[in-house]
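Protein chains: 2
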Amino acid sequence: MKDTAMLPTIDDLRAAQKRIAADVVRTPVLHSEALDRAVAGRVFVKAECLQLTGAFKVRGAYNRLRQFSPAQTRGGVVTWSSGNHGQAIAAAAKRLGMPAMILMPSDSVRAKVELTRSHGADIAFFNRETDDSNAIGTDLAERRGATIVPPANDPDVIAGQGTAALEMLSQIQDLGASRPDMLLVPCGSGGLTAGYALAFRELCPEAELFAVEPEQFDDTGRSLVAGTRLSNAVRKGSICDALLAKTPAPLTFAVNSACGVKGLTITDQEALNAIAFAFRHLKVVLEPGGAAALAAVLSKKVSMKGKTVAVVCSGGNVDPALFAKAIAEL
Amino acid sequence: MKDTAMLPTIDDLRAAQKRIAADVVRTPVLHSEALDRAVAGRVFVKAECLQLTGAFKVRGAYNRLRQFSPAQTRGGVVTWSSGNHGQAIAAAAKRLGMPAMILMPSDSVRAKVELTRSHGADIAFFNRETDDSNAIGTDLAERRGATIVPPANDPDVIAGQGTAALEMLSQIQDLGASRPDMLLVPCGSGGLTAGYALAFRELCPEAELFAVEPEQFDDTGRSLVAGTRLSNAVRKGSICDALLAKTPAPLTFAVNSACGVKGLTITDQEALNAIAFAFRHLKVVLEPGGAAALAAVLSKKVSMKGKTVAVVCSGGNVDPALFAKAIAEL
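Quick note, the sequences are listed as chains A and B, same order. Reading the first sequence from the start, the letters are residues 81 to 410 in the numbering used here. Reading the second sequence from the start, the letters are residues 81 to 410 in the numbering used here.
Extracted from the complex, chain A is given alone in its bound form (with noise of 0.2 Å):
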């Protein structure tokens, strides 16, 4: 058993970068005009929506399961998500020989349990107010003889988010760009965030962390204020649904606390306006979640004025119907 109170670095970054190089898409590092006059900086966005599954987690999910012993492998993996951490999972479980079983919220977005039911896993609900996920995860693991893969709180998973950030800090250079003044991810349970945290402190240490969640459910936010992890007092109600974590992941909190990433928060409103600013510059797909960096750029909740700004889209996955909705104010 790996222990998970044990921070990762830049090397296992790096190690992760080797190990998981032909699962998953270099994805690109888009940018625009239209982007870099509305901030009066210059933005760089990686595109993880263009990420195999149509969202980061593959990278987070290759580089746990390749790590599988030979019986780890032959009684699978489960895992519970909201559903762009379990699609990733059944996707990578599926391609590499193993049983998967993902617990999902009730009131999950269609989009994401039907993509995740097309990787042939197993899918069981759960209710995201009532329910404990990780209990039943637990035992539903013990019955299957099935080890668990957290979304968030797992060296190796944060490691392989990290990957993206190693790709981004590379791509930025490539682009004869200098190196970022800031950086600002959307944060859930804070893999992806923590993945970031480690390589920019490494890498670009001087670079401003923002870790990015919607109001109401700026529990990252606050607990790093707190110096202690705080919960939401809600439980739904934004339609970021891929961000709706109840609390920071142990792991991922002190992670990111270690980094000094400092939160800010977005409405409904702002993400459903960075998807439409997206679909019509950037002409890449995202869901509210992964759009919450974007938003935070596009409404300016920090001044990037002749700053170089990293901002991370992680994810597309997103209900045609919704997606409507945001364009239809264009």
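Mixed in with the good hints, there may be bad ones.
Since the list gives no way to pick one copy over another, a pair counts as held whenever it fits inside one copy or between any two copies.
[Unchecked claim] Taking lysine-lysine and the BS3-like style, the derived pairs with C-alpha atoms no more than 25 Å apart in a straight line are:
#, residue 1, residue 2
1, Lys-342, Lys-385
2, Lys-174, Lys-387
3, Lys-385, Lys-174
Hints listed in this document are in silico derivations from the structure and should not be mistaken for laboratory results.
Using the hints, position chain B against chain A.
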């Protein structure tokens, strides 16, 4: 005056690639399990919708405008375009510090008019059915002391578009795949097709080359069969606004004939289905014309079983209402 009867060669494409390297985006090549499964082959998608201005056209625009003399630069540029070429010329002219006048059909997609205007070009409108855009453009250019850069009938424009093909073949190789057995490209006046055909004939000579056009607008396909340039009977009536050329350009027809290109056609509904597929599985925004080649793939206009297939998605400047209509059927 450049001799437009002279066909561009692979060396012109390579020179163009160096010339415009800092001006354009090296767009990604996307792939997806769902797409491979749909055709029982291996499909690679060159996502030119992620190019600056949302379409491949900046490649040809920069390659031509960067070769203007100082006197030409002072006089500026005139062109006619349903949108994507005009927007590209406007953006490139602005960056290179020269005036630009764009003639657009009066029934142009609103999104394209607005995006063209945002680059600061002068815009005039003509009637697609009754006016001769070529004659109006020539007259305007004379009065302004400007140089015409036509959308397709120019060796530098064709060579510029062909840089996307050079990138794509190298990217497919980097992904560890075998050389494409076939290529499908959306086709209007044939400039993009000609650029790709030149690259593929040289670097991947055994590949079958297909120009994909909307039904009733298959002037290139019919001309290639007839061995002479034919015109379409109609001037409007397809949602693929970017592909409504009346007839192949002399130069593109000469290139596409010499390279053995064949024609395929798609319906409006097939284009809408391809837009929806790209939304769901590739997470990119396509316009109907930009989705034409993908539509031909998904509708299996040719057998792709076991083949490696290169598909070009050429643009993403689509009106929100039409896009919403396409994805509502999911």
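Going down the list of hints, with the structure as the test:
1. Lys-342 to Lys-385: within (19 Å within a copy, 51 Å between copies)
2. Lys-174 to Lys-387: between (43 Å within a copy, 23 Å between copies)
3. Lys-385 to Lys-174: between (46 Å within a copy, 22 Å between copies)
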